[in-house]
Structures are given as C-alpha cells and as structure tokens.
Amino acid sequence: MKELISRREPYRFGFSYPEEYVFKAEKGLSSDVVEKISEIKGEPAWMRDFRLRSLRIFEKKTLPSWGADLSRINFDEIYYYLRPTRSQAKSWKQVPESIRKTYDRIGVPQAERKYLAGVKAQYDSEVIYGSLQQDLARRGVIFMGMDEALKKHPDLVKEYFGTIIPPLDNKFAALNSAVWSGGSFVYIPAGVSVEMPLQAYFRINAKNMGQFERTLIIAEEGSFVHYVEGCTAPIYATDSLHAAVVEIIVKRGARVRYTTIQNWSRNVYNLVTKRALVGEDAVMEWIDGNLGSKITMKYPSVYLMGKGARGEVLSLAYADAGQHQDAGAKAVHAAPYTSSVITSKSISRGGGRTTYRGLLEINPGAIGSRANVRCDALILDPKSRSDTYPTMKINEKQSSVAHEATVTKVGEQQLFYLQSRGLTADEAVGMVVNGFIEPIIKVLPLEYAVELNRLIELEMEGSVG
Amino acid sequence: MIFVPVMGSKNKKVEVSLDRVGKEEQLVVVFAGKDNDRIDLDLSMIHLKPRTKGRITVKGILRDRATARIRGLVKIEKGAQGADDFLEERTLLLGQEARVESFPYLEIEADDVRASHAATSSPVDEGQLFYLRSRGLSQSEAERLLVAGFLRPAVAEVGDKRLGSKLEKIINYALD
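Note that the protein sequences, when read in sequence, are chains A and B.
Numbers 1 to 465, taken from my numbering, label the letters of the first sequence in order.
Numbers 1 to 176, taken from my numbering, label the letters of the second sequence in order.
Everything labelled a hint here was simulated from the structure, so no lab data went into it.
Where hints are given, some of them may not hold.
Reference listing, derived: stretches of chain A covered by chain B, where coverage requires no fewer than 3 residues with Cβ under 8 Å from a Cβ of chain B [to be verified]: (1) 381 to 391; (2) 407 to 421.
Listing some non-contacts, in silico: residues in chain B with all C-beta distances to chain A over 10 Å [what the hints assert, rightly or not]: (3) Val28; (4) Arg55; (5) Arg162.
In this text, a Cβ means the ideal position worked out from N, Cα and C, and glycines have one as well.
Produce the entire structure from the sequences given, and follow the hints as far as they go.
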C-alpha cells in the first residue's frame, strides 16, 4: 500500500511551459495599475471609472469575518494583469505551439476537441482562442471574450455589467471589478435554444498569477443555454489567487444551466462570486464541482425574482490534505410560487475540511414558495472534518421549507460486500464514493462525468489501510 | 432529559457537554410566541468522548408578528468516535408576519459517527384544517388541535405527566 501511495503523482496537471508575456503589470495594486490595464485594453471611459471606483471599494472593504482562513493572502505579491499574446487567435492553428501543448497535456477530452471551434480557451488573463460556430452566429447568439464584447457590443455590456453583482457586494467582487480580465460574454436572443453546451477552458499559468475573469450571460425570454467551465492549473510554490465574478440574467421562461468543474492546483485561493437573477417561470441551474484549490469560498446564488421562477444548485466538494472547501449555495425567494432545490455532496479525507454554507431566504409575500436543501457529507478518516452551516430566514408563513443534512463514513458492510465480490479495498471505496456523488455525475456532460469518475478513482488510491 | 419550555420573549442558551464515554442526553425545547415576542435560542450538544449519544429537538409555533432565532449546534470533537446525534428544528408559522431564522450547524471532526439534522418551517396544513372544519370544529378549535398534534410528540415519548401540563400551558399561551 505504501508503495502505491508513493507512486501517486503529486498533481497530474502540475507542469508549466515558459512564460511568454507581451505585457506584465507590476506586482501589487494601485490606481496606476488599474488605469494602465484599462488603457492597454483601450476601454471606454465608463469602464475605466467603474474600475477605479471598484478599487476604492476594495480598499475600504475588510475580509469576511466568517468562512475559511484568508489571512495569508498577500495582495501586494500578485500580478493583476498579464497579456499572453498580442491578439486573439482566429483559428486553432494560430494558437501558439507552447499553449497548444499545454492543452494536450491536460488531455482536453476528445468530445471537446471535436467542438473546438466553439471552445473559448483562457490561458492566463485573456481569452486567446475563440471562434464562434457559424450556425450560432446566424441565430444571433453572441459568445466571445468579455474584452471583445466590450468593444463589439458596448451597449449590451454597459446595460448589464455589474448590475447583478455590484462591486459593493463583497471585497473580492470589488477586486474583480477593478482588475477583471477575460471571461466570457454570452447573449442568447429570445426563443433561441442552444443545444450544444458552450464551453470555456480556463487555466492559470505564471507565478503569483491572479486570475480575475468576468463572465456575463444574458438569456432572453424563452431561450436556453448550457454553459460549461472547467479549470485545471499547474502547480506552483507560491500562493495564487482566483477571484472571478459570474453574472447571469435568466429572463421570462428561459433556462440556463451553468456547469463548473474546478480543479485548481493545491495552492490556489479560489474566491468566486456567482449569482443569477431568475425571472417569471424561468429556470436557473448551477452545477458546481470543487475538487482542487487550497481554499475555495463559493456559493452560487439564485435570486428568484419572477412568479414561478425555479432555481437548482448541485454542489460537489472534495477536500484532501491541506484543503478547505467552503462551498454551498444561496436561494432568495422574492416572488410568489418560486421553488428552489439545493443538493450538496461533500467528501473529506487525509485531514481535509469541507464546509457547507448556505442561505435560504423567503421574503414576505413570496406565498406558495417551496425550498428544499439536502446536504450529505462523507468523512473517510478520523483526521478529516466536515461542517454544515445553513441559514434559513423564513418571512412568509405560506411557504414550505425543509433542510436535511447527514454526515457518515463509508459503511463497513458496503466495503465487506464489495470486497467479497473480489474488489480490492481501494476499488471498493472508490465505488462507494462514486455512488455517493452519482446525483451530480449524472447531470454532467458525458466527458466531464467520465473525467470526474476517473479523478475520484485516482484520488481514492491508497485511501484504505 | 432536559426539557426547556419557552413562552414569549426570552433568550435561552443551553450547552450540553457529553464528557463521559457512552453518556447520553436529550434536549427538548418547545416554544411559543405571539404578538411582538422575540425568542432567541442558542442550543448546543458537544460530544467530547467516544460513543456518546445526543438529541436536540426544537419545536415551536409563532403567531402574529412573533419572531424566533434558533441556533443549534452539534459538535463532535476529534476522537469522539462512535458518537451519534440528531438535531431537529421544526417551526409552525401561524401569523402572517411571523418570522423564523434557523441555523442548524454541524461540526464534525471524527469519521465514525452518525450525525444529521433537519429543519423545517411550514404553515398549518390547509387540507387538515379543512377536514376538521368540515367535521364541525371552529377555526380556532381546529387550529388548537393541529398545534397540539404538532407539539405533543416532542414530549410524548418521555411519558412524564408533568410535561403534559407544561405543554398545555404553552399551547394556551399561544392560542389565547
């Protein structure tokens, strides 16, 4: 067994190619740096002012007093902007060789390669590759880098940008608003249904690299889109910070599904604000998997603003040695007959810590609303820890709210049974864990489901004995 | 068993330490609020030793503009293997402006445990109410019956007569 553990690679995707940057802002944060970023990007004055205003908010706001330990982040040691290549590549061939190699090494799944024309790839701070599928463009769908959208669709961006998550929301939203770079802009016209998932592939490279992407999705009435975001990052000795902001508007009768599999290397602080405003009879679904990073604090939110709006959050967290996954969900019921379902599954082992933190709020007047929260935690050894911190604020009697949570370990009987059928102890644990997270796996796109199953098997090697 | 009846505005803090191997304890809190009552409950069960068993059951009703804040914590310390606990918080909302905030927390630092919690809030079941009214009961009689049916199981299994009368008092407080 010892041999098996020692053979495990520390981090499968832990490699990196030499940095090739055209521009690298100085370390640390100041209004000069922020102005410089805006100037290089050739942004309109309103965006520059927005950034500067956000910077002042960031400086005033304190770190959250709750949640994971963030005291070791040194904001002065971070590069707030890097621009990898001069302009956005038009086709895959034009993407620099070294960057393409990185993708090969991650093993971008075959299914994804097939659709590469629709893939947005983020290498460091900016989207460097992006080519829109022609039929999507014909139907009026916009899918491009945020910087590009600011140039090509300034009115749309200005109308919605920062309206769902204003810089005042929290310290990291303010930071992102000041120094954001890259991310995706998605616009789905009324009645258009995009069958193929839109995918973005994010990566961090370069030491002390801050990644501050900004994503905005607008789904007009009766439209549908599934947006998929996957992350892997190479391993580095110094701490890295990832503070993204994702804003989504789901208009009447529309449906948006947003899938994330986060697998940052074990030194990244992953502090992300994600929120969706959901209109009448509209549906928002967050599927959020957190496997990597040193510390994650992420609570995808649904604000149910229209009558009959629905929200669903599926959250998966895995914490190994040195990791703290502080994840969860928020649902705010602000209109009658709204419903929300939150399902959280977490696994901790090797001294890792998982935390479910959630908010459920029923506003006065949200009659006939229903909310259901279910949290299950699996602890694989006595060194690990699991917490559940839900908050429920019920301000309307004509509503029904239920919350349930359980904490368990892998059953001896289950293990014994599986081993009696010829499985090794490791295989048996892997199988039980995969069964435990099944509700999340089954809603993932196939290639992600396969990847995740494989990852769990890999992680479970050497977990018993 | 520790039984804590709460009528009207009150702050109650109860912490139970299970500090002996195999120790068992049950904490039952029944509360009722009406008018502008503000109830604040802070309840915890700390498992310090192996094979300890705890239960926290909180049941309450809120009328008018009454509000309740319920903090519940089950903490299982490192090494308290074989610990077993269930934290339950159930609130019946009778008032249009009644509010409840619920914080059922679990902190688990051992792996061989059974720990779970459940929290619910709901109005009186319209179907049940309709049935009782159709049998000739008045609105308030029907509500009283449903409230009693909701609260009674919290103390029923103890089989202590004195608790029954305490429970009556709570129901009377809320519904008169």
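Practice item. Confirm or reject the coverage of the region 407 to 421 of chain A by chain B under the rule of 3 or more residues with a beta carbon closer than 8 Å to the chain's beta carbons. Key: Contact hint for the region 407 to 421 of chain A vs chain B: holds, 3 residues under 8 Å.
Point to revise | Check on Arg55(B) being off the interface with chain A, judged by Cβ distance over 10 Å | key: holds, 15 Å
Check your understanding: Once the closest CB in chain A is found, is it more than 10 Å from Arg162(B)?
Key -> At about 32 Å from chain A, Arg162(B) clears the 10 Å cut-off, so the statement holds.
Exercise for review: Three residues minimum, CB to CB under 8 Å: does the region 381 to 391 of chain A make the cut for coverage by chain B? Let me know.
Suggested key: Three-residue rule met by the region 381 to 391 of chain A, so holds; n is 10.
Point to revise | Claimed clearance of chain A by Val28(B), with the beta carbon kept past 10 Å | key: Holds: least Cβ distance 20 Å, greater than 10 Å.
Against the hints set out earlier in the document, no violation occurs for any number.
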